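Start from the sequences and build out the full structure, keeping to the hints where you can.
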Amino acid sequence: MNVSILGTYNSKFGKLEDKTIYDLIIEAGKEAIEDSGLKPKEIDAIYVGNYSSGGFNNQEHLAPAVIDIHPDLRFKPVVKVEAACASSSAAIYQGVYAVLSGRFKNVLVIGAEKMTELKTKDMMRVLGMASYWPEEGGKGDTFPGLFGKIAIAYQEHYGYSDNQMRKWLALSAAKAYKNAQSNPLAHMPSKLTCNDILNLPDDKNVKIAGPLRLHDCSLVSDGSSAIVITTTDRAKSLKDKVVEFAGIGHMTDYLQLGKREAYRLTGAKKAIEEALKEAKITIKDVNVAEIHDCFTITEILLLEAMGLTEEGKGWTLLEDENSIIYPGGKLPVNLSGGLKAKGHPVGATGASMHVLIAKQLMGEAIGLQAEGAETGLTFNIGGSGASNLSSVLRRVK
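In this note's numbering, the protein residues as written are 1 to 397.
Hints are computed from structural coordinates only; laboratory data are not their basis. Model, not experiment: these values are computed from the prediction. Quick reminder that beta carbons are idealized off the backbone N, C-alpha and C, glycines included.
The list that follows gives simulated cross-link-like pairs (lysine-lysine, DSS-like), each with its CA atoms no further than 27 Å apart:
hint, residue 1, residue 2
1, K241, K277
2, K397, K239
3, K12, K119
4, K236, K397
5, K76, K236
6, K121, K207
Derived CB-CB ranges, DEER-like:
hint, residue 1, residue 2, range
7, Q94, D233, 13 to 23 Å
8, G258, E371, 38 to 48 Å
9, Q94, E156, 34 to 44 Å
10, Q181, K397, 24 to 34 Å
11, G328, I283, 10 to 20 Å
12, E321, G102, 43 to 53 Å
Rendered as structure tokens:
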């Protein structure tokens, strides 16, 4: 594709009380530029992935804030891109297309979100605006509620029991917590095992929606991440370790969950297939992945969408700790701890996935390393499955 990642940065994720949305953007942009080896004046354009700075921080028209990274960015073209939780993946793709067009040589992409300033009720309302408002958010549906419906649909379609579902969801959470213990940037590493989660009293693991409980939900986080992209030829002239975009898949489905088959993520499957097709590989050629486990049910559905199991059997990979998705396996998934434990500052999540996979392929993992990984995959969801974005990244030899 002749587009590569030249610089990366990922902030700590968590409740960052001492940092504003402006601080997060400036930090990520400044550090990614420094890592790239470029001077700020060499950046030709900037794309900012952010879901709702207006809702969370009373700041629409966020993009010009990036100029405070350095005076040499003044008068550069800057655009904010929004695709719910996939905002910064969408921003990255705009940057990729811009470099491919030849219009720009070097592009900075920043993902950022500051979510924790609001009370829970207000925060949930802002997130709810990424659903179909007339039928979902406007009638009280939250995203835990929507993914609770997805979990119910999955359970009912395949005829699984409550106990089976609860165990499989707890396995997903436990895997995330354990992986996050090695990630210094993670919001919530934990030593809780699957059995620990299953044995928690209801007041310590409250039921949220359908079979989903507290420990099945990703975290409300603050954070930022960024990459600098350029042509592969230029990257090779500047860096010893280069990671290129080998394929991209971007599929958009109905905004309304009610118009989709809720027991599967069809848009995700199509986006992943498209990215693999462009890279001219199959899922068997992928060595590491970061996927969108916003809820534990989502990881199960995405393992199926990736083609790692047949539909209705994604949980089998969680039951076997020697399966390919665990550390040391052929395709470890979410070595960072995923959204569940690493954290989910929604506008930063997609860019963070790209940073994490790029670092894996450079042999410089943030946390657990997938040894010898040459090809990685990201998958990022916006909404309840409406926006679906997948990248295949490859180490340039």
